[in-house]
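Please build the complete structure, drawing on both the sequences and the hints.
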Amino acid sequence: MVNAYVPKTLEDCLKLLNEFDLKIVAGGTDVLIQNRAPSQLAIGYKKDVCYILQIEELKKIYEDDQYIYIGSAVSLEEIMDSMIVPEILRNTILEMASPAIRHTATLAGNIANASPAGDSLVTLYLLDAEIEIRSMNNLRRMKVSDFITGVRKIELAKDELISKIIIPKFEFDQAYFKKVGPRLSDAISKVAFAGAYIVEGKKIKDFRVSFGAVNVTVVRADELEQKIISRTVKDIKKMKETIVSWYEKAINPIDDQRSNKAYRKVVALNLLREFIENLNL
Amino acid sequence: MKDISQSINKVDNDEKISGKAKYVADIKMEGMLHALTLRATIAKGEIVEIIYPKLPEGYFVVDYKDIPGKNIVKVIFDDMPIFTTGKITYLHEPIALLIGPDKFLVNELLKQVKVTYKEEKPLFDWVDSVIHYEFKKGEGFKPKKGDIIIEKSYETSYQEQLYIETQGMIGYMEDNEKITLVGSIQCPYYVKNALVQALDVEDKLVRVIQATVGGAFGGKEEFPSLIACQLAVAVKKIKKPIRLIYEREEDILSTTKRHPSKTTLKALMRNDKIISLAVKVGLDGGANIGLSGVVLSRALIASSGAYTIDNLDVQGDVFRTNTVPNGAFRGFGAPQMMFAIEMFVDHVAKKIGKDPFKFRVEHLAKQGDYTSTMGLYRDPILLEDMINKAMEVSDYKTKRKLFDQKDSYKGIGMSIFFHGCGFTGSGEKNHIKAKVKLKKQGDSVEILIAAVDMGQGVKTSFRKLVAHILDIEIERVIFNNPDTDYVSDSGPTVASRTMMIVGGIVARCAKEMKERFSEENFIVEKVYEQPSYIEFDEATFTGDAYPAYSWGVNVVEVEVDPVTYQVKLHKTWSVYDVGKAIDERMVYGQADGGLAQGLAYGYLEVMNHKDGKIMQKNMTDYIIPTAMDMPPMETYLFDNPYAYGPYGAKGVGELSLVGGAPAVAKAIEQAIKRQVYKIPVTPEYIMELVNNGKD
Amino acid sequence: MAKINFKLNEEFVEIDTDLNRRLLDVLRDDFSLTGVKEGCGEGECGACAVLLDHRIINSCSTPLANVIGKEVMTIEGFSKTKRYETIKEAFAEAGGVQCGFCTPGMIIATESLLNKNPHPTDFEIKIGLSGNLCRCTGYNLIVEAVKEAIKRGEGLW
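Protein chains in written order, with my numbering: chain D, 290 to 570; chain E, 1260 to 1954; chain F, 824 to 980.
Some hints here could point you the wrong way.
[Unchecked claim] Rough simulated footprint, nothing fancy, chain F against chain E, three-plus residues with beta-carbon under 8 angstroms:
#1 1281 to 1291
#2 1306 to 1315
#3 1351 to 1359
#4 1414 to 1425
#5 1469 to 1479
#6 1692 to 1702
#7 1887 to 1900
[To be verified] Among the chain D residues that face chain F by a calculated CB cut under 7 angstroms, a handful are:
#8 Ile322
#9 Ser328
#10 Tyr340
#11 Ala510
Think of the hints as simulated: they come from the structure by calculation, not from any bench. These numbers come from a predicted model, not from an experiment. Positions of the beta carbon are idealized from the N, C-alpha and C atoms, including for glycine.
Below, the structure written as structure tokens:
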């Protein structure tokens, strides 16, 4: 039998992590399924567990001039209902999970899970979201896109905990998330897309797109975005197919039980085309 | 008296809504043990050796050596062993049960079992035909020089029943000798008969009780007999209550599904009409034949769909492969065939440049026509009126024209179909021989039949039927879940037979009871009487395959997203002739639910295997519709009473499923302006068609 | 093993058990609350839905550790309320019940939805039910039932 620790304060939690090798569990909606045992038996964790949902310090959402801060034990539903959270993230949450999942799952859990099909990641990458990571002796901050290094691979030491998600404030002219699932709700994405832009004068000041479920991690290509920024909207629309061909190289999906390579690729690029076509002055 | 069709609230609403209803997994018994199944990890081969860990006291292995009777699950075609004797024919085939008081320990022991195999190359191609049927109507398929022949092939894939309650059963011993099974089942007597054969005991030493069933759809027709036999053997050996409830993944990986099919149709055309049709159907039976032959014959009999074609040459095969055995699923061969023929008739019309709708109407079956097997459509067929109604309420013509425009991604599709009610051929008369008892005791009347309420509302509709005939309050009519110690063998709860066939006998009992109602306590017992004109030769497929037919028209409107190729259903309109609704709202419930499964079969539910392994093994990967996916559904019923059904009722349960797939596929065809040849019409397939397909 | 407290169906309960168990199993096996069903065991079907602090969650993907000090309500507890009576009558009247296995979860979903949004649109109702799978009804009569409950329960939510 594996042990369960349920710290009530962040300090206790970090002490525990410092002392033992623990699996951190927040809402548990993903972790429990990955560690399923037959019905009626305790969850089949491979090591001792630290449950963090009782830690009040991790349950706050607040903002300052530059950022929005979301505690790692805040449920998706609370994030979705918070008026200070960017609309695109709130919409992403609405599309990504059923009410029951939204009430328990957390954004930090989705990040730590590092699934190639994690919907919130697509939007978090788009927003340049960061995370705050704590351990007993350290506090650091890094971009979500740097934190996730591969399929279910993250840059988290065994004594560390994600304590906050930090979202920079932007005023986009338009920003949206589009989930392409096998059905209209309650399902894992075949492809996910997020896009946002700012136009100033006739020129694109900010242009960003990100794709989920088409590579080992979310695809967002800074160097391509830089090539697009500063051009006029008209030019960008004209060079739509060129832009698509740039992105084609970065989009490298797989065949699996949910969809296939060809479909994922074509649809991801179609979503990019649609985004470019709908750029507005 | 009120018209019988006027709806009443279901009698089991309260216990189901409040969570009090007992499904098999909810039953607790003193000292109950847990069983888990040891399964093969290869698709084909022989077991060389099994090394079990040392079992603590009170823990057991139960395998084929413990079977007192025949090591065969009695179904229709007896080829499924209860436990393998060493030969493995499909992945996850059951080898043994591990049983004990602590489920955790049973699971640990299971993980420690070491099985070594001698692997053989599994067969997945459809080449090993184990059942072949063929028959002709008229002159068969005999083209003359210069005749136009149009040929097309259609494919359908697996469909999983995905009842929300997994398979499960509890077995225990009564009085130290009688073995009792309580389970989630559709057919108490199928289970009982299988147990008698497996245990080799007298009939009275076996008892089967139905627990509340959390959905079945055919999936709990023959499969539960396998679990029951395994558990009964274990109970006989261990003499304690044992529980065997499947995990979802285990259920999906190892239980029967709808047969994947490939159908080739050839039309011989003269004067813009189909003169003759050649039909060739292949079904993947999986590793055991089981019910596959009956599924095939239902498919073949439906091969000209709702149309009359004078000359037919019909052939079909069930192929054995090293995959999970396929079996019963609502519709039973008809959904595969209805998809093929409905698409084909449109495709033929397009090919010869005729309006598909007109072309279909010209071929519609009419009263007095010969069926595919040279039986007679004796009763009125209301299809033309039904089609007109469906067109009117859906504004079909206007939309069809509008959506034909080049830049439209909308589509509207119509399917026209039938479903034969009751068992195919002489099944009722020769095999099932349904018996029914109605018992009067003081003020109350008890219905003693083996029909199972799995959600369709049997408990309500039968109590209502009897109360209506006797003109008493429904509260005075009792209908408990079937228990083979008390109820007669009225046959399985399958094949859209329950109300028409069993209800027909119950109605006859009730009418007799009414005449003797002043008597205090008595029982009326009756058996099925086939209408004398119904004769069917199973060897040659000649005669009336069904005593009656239910008919339907589905219209579906869709929109396809040109960016993601996803299909959105906007609305459906359905018109059905089910004879007479015994309860309108219950029929609407069946109509919606069946159509949802049929639509999803057509565009949503993807299941395939790779090297014999089902790839979509859980509810995350096997996608069924949510509330978001299903559109509003409008349903209209046409009265067309059948003389031998109670109040004229015919079959309902399966009819509403069989038209869904072709209707949605046709709607998608219009939306993408391409022809569809397989289901499900997934976004992946749509993309392929859009990029490569022909209009 | 640990001794924990939570509120279950309006009563404070204490239980000494492994916190790594699923809430579903604790409710069914230790408290005999079998109205909570297991359908998929992975948070897809909603048959195991209960209310946690008045919001729907899937008890199959909730570890017991996550309910410490919280309020759990199952269909058994909810069935003692007036809101339940209203929803029950609406489901019966609309014909929203077939095999019944998903039904307690649907009732919980309805309560959770109406508790947050007493006047949902049809679309919002569908979103509210989107985590609860039903294989029998095709959902239309369930959506009708929710609408009927809203009509009958004016002021209750």
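Now for the hints, and whether the structure bears them out:
1. Taking a C-beta to C-beta cut-off of 8 angstroms, the segment 1281 to 1291 of chain E contributes 5 residues in contact with chain F, enough for the three needed, and the coverage statement holds.
2. Only residues whose C-beta sits within less than 8 angstroms of a C-beta in chain F count toward coverage, and the segment 1306 to 1315 of chain E has 0 of them, not enough to reach three; the restraint is violated.
3. Check on the segment 1351 to 1359 of chain E: 0 of its residues sit with their Cβ under 8 angstroms from a Cβ of chain F, so the three-residue criterion for coverage is violated.
4. With 6 residues having a Cβ less than 8 angstroms from any Cβ of chain F, the segment 1414 to 1425 of chain E passes the three-residue criterion, so the hint holds.
5. Against chain F, the segment 1469 to 1479 of chain E contributes 6 residues with a C-beta closer than 8 angstroms to a partner C-beta. That satisfies the three-residue criterion, and the hint holds.
6. Residues of the segment 1692 to 1702 of chain E with a Cβ under 8 angstroms from some Cβ of chain F number 0, which does not satisfy the need for three, so the listed coverage is violated.
7. Residues of the segment 1887 to 1900 of chain E lying with their CB closer than 8 angstroms to a CB of chain F number 4, which satisfies the three-residue condition for coverage.
8. Below 7 angstroms, beta-carbon pairs count as interface contacts, and D:Ile322 has one with chain F at about 4 angstroms; its hint therefore holds.
9. Given the 7 angstroms rule on beta carbons, the hint for D:Ser328 holds: about 6 angstroms separates it from the nearest Cβ of chain F.
10. Residue-level restraint check for D:Tyr340 holds (minimum Cβ-Cβ distance to chain F is 4 angstroms; threshold 7 angstroms).
11. Here the hint on D:Ala510 is broken, as its CB sits about 33 angstroms from the closest CB of chain F, past 7 angstroms.
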